[in-house]
Amino acid sequence: MPKCWIMQAFCLVVVMNRDANSLEQEVLLFSVLRQRLGKSHITVVIEEGMNGADLLDRLSEQYPALAPYRSMIRLAVNQVYVSEAVPLFQGDEIALITPVSGG
Amino acid sequence: MVDKSVIAMKNNKQWVEIQYEPLDIQAAFRFLQTAAAGGIDLFVGVTRQWTENQETIRLEYECYPAMALKEMKRLANKACDEWPVERVCLLHRLGVVGVSEASVIVGVATPHRTEAFTACRFLIDTLKKQVPIWKREVFADGTTGWIEGTMLPENE
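Protein chains in written order, with this note's numbering: chain U, 24 to 126; chain C, 23 to 178.
You may find that some hints are simply not true.
Straight-line distance between alpha carbons at most 20 angstroms, and here's what the computed DMTMM-like set of lysine to aspartate or glutamate pairs gives [claimed, not checked]:
| hint | chain 1 | residue 1 | chain 2 | residue 2 |
| --- | --- | --- | --- | --- |
| 1 | C | 150 | C | 104 |
| 2 | U | 62 | C | 82 |
| 3 | C | 151 | U | 107 |
| 4 | C | 100 | C | 170 |
| 5 | U | 62 | C | 170 |
By construction, these hints were calculated from the structure, which means they are not laboratory data. Computed from a prediction, not measured in an experiment: that's the story for all the values here.
Bound conformation, chain U alone:
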């Protein structure tokens, strides 16, 4: 099944703003983070050379409601779990994953 179909169906396509050097894009939130922050995504500016840890540190400063979860959050980039050391790039689909509880 083509990936683009799934992405369109759920409107998870990353929105980007190509102004000058700032690359604004969405970070997807679920579960407790979505509830605490009151939204299903937040917009961040991805700077060149920024990695996952930089992003998570910045977000926990910017959003105090997110800070207590900082150590539990795992980053997913393009729908795959990645290490925080992974550099982020323009157009990545970024999501913050708190410990899951399916089943």
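We have chain U already, so just place chain C on it with the hints.
Coordinates of chain C only, in the frame set by chain U:
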């Protein structure tokens, strides 16, 4: 928050689906039936009413749809690589799941029972740690709470 539509991947060996509608155990069993299998293992996760002295009235599930489906497919593939799996299904429900209703079905068909048990156990245990699905518990006293998994997803 998400579209009510179903996301699914189904071929003649694997069936992975995330849906709001109640799960159909008979349909899962029919899918798993094949002449090559001598054992079919079905695990069904259901909503438990009591956790110690706290009463649950329902669970509410949500997921990161595209990634959840992708992870479930990855687990199904891993089971097929590891054991002689003839058929495998991983079906998960979203939204409200009442007491005793099924939230997840994991089914495996293998030539002999040992592998079916092993693969089924692997699939449900790993699903609970890896697949981006979350549940919120609604208690009889009106309070609610997100269940936070005790195991962090592994980075792979």
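Results for each hint:
no., hint, in the structure
1, C:150 with C:104, "19 angstroms, holds"
2, U:62 with C:82, "18 angstroms, holds"
3, C:151 with U:107, "18 angstroms, holds"
4, C:100 with C:170, "25 angstroms, violated"
5, U:62 with C:170, "19 angstroms, holds"
Hint compliance for this structure: hint 4 is the single one not met.
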